[in-house]
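K.L.:
Protein sequence lines, in the order shown, are assigned to chains A and B.
Residue numbers 1 to 348, in the working numbering, belong to the letters of the first sequence in order.
Residue numbers 349 to 740, in the working numbering, belong to the letters of the second sequence in order.
Hints listed in this document are in silico derivations from the structure and should not be mistaken for laboratory results.
A few of these clues could be false.
[Claimed, not checked] To spell it out: a stretch of chain A is covered by chain B in this simulated footprint if at least three of its residues, at any positions, have a beta carbon under 8 Å from a beta carbon of chain B; those stretches are:
1) 96-108
2) 158-171
3) 244-252
4) 284-298
[As the list claims (entries may be wrong)] List time: in silico DSBU-like cross-link candidates among lysine-lysine, alpha-carbon distance up to 30 Å:
5) A:Lys60 x B:Lys377
6) B:Lys408 x B:Lys675
7) B:Lys408 x A:Lys89
8) B:Lys581 x B:Lys408
9) A:Lys89 x B:Lys377
10) A:Lys29 x B:Lys581
11) A:Lys60 x B:Lys434
12) B:Lys638 x A:Lys89
13) A:Lys29 x B:Lys433
14) A:Lys89 x B:Lys437
15) A:Lys89 x B:Lys496
16) A:Lys60 x B:Lys675
17) A:Lys60 x B:Lys437
18) A:Lys60 x B:Lys638
19) A:Lys60 x B:Lys433
[Stated by the list, open to error] Computed Cβ-Cβ distance ranges for the label pairs, DEER-style:
20) A:Thr242 x B:Lys581: 38 to 44 Å
21) A:Ala70 x B:Ser578: 18 to 24 Å
22) B:Ala469 x A:Ser130: 27 to 33 Å
23) A:Gln170 x B:Leu679: 56 to 62 Å
24) A:Glu302 x B:Thr696: 25 to 31 Å
25) B:Val682 x A:Gln170: 53 to 59 Å
26) B:Thr696 x A:Ser249: 18 to 24 Å
27) A:Gln45 x B:Val514: 41 to 47 Å
28) A:Arg51 x B:Leu679: 41 to 47 Å
Note that this is a predicted model, so its numbers are computed, not measured.
From the three backbone atoms N, C-alpha and C, an ideal C-beta is built for every residue, glycine too.
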Amino acid sequence: MSSLSASYFDGVHARAHPVTLYLQRDALKIKGDGIDLAVALRDVQWPERTRHGMRVAHFKSGGSVQCSDAAAWDLWSRSGGLHDSLIVKLQQSWRGALFSVAALIVIFVAIQRWGLPVAARGVVAAAPMSVDVSLGEASMQALDNYLMRPSKLPVDEQTRLRAYLAQALQSLPTDSVPHWQLVFRESRIGPNALALPGGTLVMTDELVELVGHDEKVITAVLAHEMGHVRHRHGLRMLVQVTVLGGLASVVLGDFSTLLAGVPVLLGQASYSREAEQEADADAVRVLKAAGISPAVIVTLFEKLEEKRRKSDKRGDATAGQASWVGIAFASHPSDADRVHFFKEAAGH
Amino acid sequence: MDTSVPGPVTPHVTDTLASEPQAHHLPIKFTGSGSEYFRIWIVNLLLMLLSLSVYYPWAKVRRLRYFHGNTLIDGKPLDFHGAPKKMLKGYLLVGLLFGLYSLAGNFSPTAGLVALAIVVAIWPALMKSSMQFRLANTSWCGMRFRFKGSLGGAYWALLPMTLPIVAFVGATVAMPVNGKPTLEHGVAFGIVMLLNLAALPWLFWNLKRYQHNHYALASLQTTFNATVGSFYKVLFKGLGVVVLLMVLPLALSFGLIEVSKGSESRGPFIALIAGLFPLLFMLLVFVTIKPYMTSRIQNLIWTRTGNTSVRFLSHLRFSPLFRLTLKNWGLMIVTLGLYWPFAAVALTRMRLEAVTVKTRIDPDELVNLISAVEGDAAGDAAGDLFDLDIGL
């Protein structure tokens with residue numbers, strides 16, 4: 001029966017007592033000057049093997065034994081029939097650690113690429129439409145407070161554009177058109193069109209001006225926005241970003257919440273690009289059914305490009321910055337890719 | 349970069365002339381290694397992900413046992429004894445509470461407010477119980493630590509902290525929901541926020557006083573004698589550093605824009621620099637302020653903690669901690685976060701080894717002195733239920 005020199009603490013005094021430990025079949029024997037104890041093995045909380053640090057075993061009764069010679073302890077406990085748990089084996093081998101790294105990378109990629117989008121679709125499908133509607137109402141409120149003003153477009157013009165969109169949508173099966181309403185606003189952030197969860201489409205006066213009141217181009221833009229509504233992208237994005245944020249904070253949150261935000265931003269940009277593509281495909285579907293060539297959207301991209309070039313010439317510091325940041329965090333596919341997609345669709 | 353700090357100010361005194369009350373300095377050493385913690389961390393992470401975070405308490409116990417076990421005070425390690433199964437029950441209960449809380453907010457604003465009030469009302473009790481748990485499950489030389497704070501004390505330490513929240517909610521509710529806030533509302537809101545800012549150091553001191561007055565090992569209990577004034581000094585110094593670091597680069601980039609306005613040949617390059625400057629420097633502020641406040645607050649709090657026979661001394665210097673923080677940030681970004689365990693070990697080593705325990709009693713006698721008080725059963729069951737991570 002092998003023995004080991006260690007220190008015994010009784011849990012009542014801090015003084016260490018030099019003792020010798022013996023590991024028996026069902027008990028740990030502790031012998032020293034005036035000490036003769038036997039602790040049932042099930043009452044011992046054993047230390048786990050580590051490369052650094054001492055070994056301390058605690059007893060249910062409150063006492064403990066401590067040994068600074070970790071190697072001697074490990075040899076002694078192994079010869080006494082004690083074994084490392086599977087987790088300790090994994091933690092104490094570099095092979096186990098490398099396997100864990102590889103497994104984690106595979107799991108993260110799988111979650112980001114497939115798991116989360118599928119799960120988010122499931123959650124969104126289960127959520128009642130009222131969730132989208134209340135999200136949309138809150139967003140509209142915020143837009144009206146900070147980014148938009150009431151539209152200056154004549155009511156006749158608004159009605160004409162609304163009617164044209166309704167006309168275009170009529171050629172589609174009714175169950176594939178979500179509930180929608182179109183509102184006009186003057187924008188403080190330049191030409192834009194937005195889809196809010198719940199079905200509110202926001203068209204800015206500036207965009208109507210930019211494309212010269214061309215109802216076909218405007219319908220194409222709105223058909224794209226309608227795609228976001230139909231696929232409930234707003235809610236889906238919310239679910240995805242929440243889960244992504246939770247995962248990132250588990251891995252990086254201990255170090256810095258700022259750093260944990262980076263993968264969330266990157267992941268969000270990637271999901272957003274996919275959503276834009278999905279909405280573009282929907283726009284093509286609507287336009288084709290209505291007998292409008294998808295190529296009309298090219299006008300929009302040309303006008304936007306023209307405007308951008310003009311503002312670049314004026315040398316806005318913010319314009320340069322935005323395009324630089326855009327490389328890393330593009331939320332939309334590149335204009336060239338999208339023009340190509342719509343031209344291709346028009347060709348078929 | 350070398351991660352070690354200059355050793356304790358006074359070397360370990362082994363002299364045993366007990367007749368004269370001579371100060372003995374017991375060094376604190378941290379023997380953990382980054383590579384070993386990396387293996388523990390990565391396996392923990394994998395198992396947490398596979399178990400949908402049910403494994404969390406086991407992961408936490410393994411992490412704490414590693415860090416405690418490698419913290420040697422006068423050559424003897426700390427240890428952590430928490431039972432993961434019991435901790436899991438506590439987490440589930442708290443998780444349920446917060447789940448209900450976030451659901452209530454969706455239900456109606458009133459339900460959300462009621463839920464917030466409930467959480468605020470039980471939060472101090474949770475904090476006290478979690479501190480009890482943490483200390484009762486930490487030991488040195490086979491002796492369990494204890495947290496002796498009272499429930500009433502916990503409420504006095506934490507409830508004033510909710511005042512800023514109440515003031516904020518009040519100020520927000522008072523604002524008109526639709527339309528523009530008036531000038532009076534803006535001024536009132538500003539005053540409320542300023543008062544909150546002014547009260548912050550006091551609130552923080554009040555909490556630290558409660559915590560550091562009630563740590564105990566057997567008959568030795570700590571007291572906390574830092575003044576409110578010293579907290580104000582440290583926190584306003586920190587604020588000063590932030591302002592300084594923000595104003596300088598902003599002024600610099602405005603200057604650049606102004607200069608470039610005069611010349612015709614300014615390219616987008618200047619615009620880019622002027623645009624990115626504030627961003628980069630804000631990041632610098634973010635990276636600088638944490639080690640600055642960490643070192644100042646650790647030194648203030650721990651040097652002011654102790655009793656007549658045992659005190660702590662903390663000499664955590666800013667510049668090595670700042671260099672370590674920069675190195676950690678760089679390597680964290682390059683390794684996509686895999687460097688974290690190495691960073692955690694290096695930070696822990698620097699912070700722990702900056703502390704020494706100073707005692708007027710001979711270390712050998714000190715050990716004799718530390719013995720359980722009547723009724724101090726090891727492993728006090730009162731702290732068994734909850735274990736939370738409250739930023740301590």
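K.L.:
So which of the earlier hints does this model not fit?
P.N.:
2, 4, 8, 10, 12, 15, 16, 18, 21, 24 and 28
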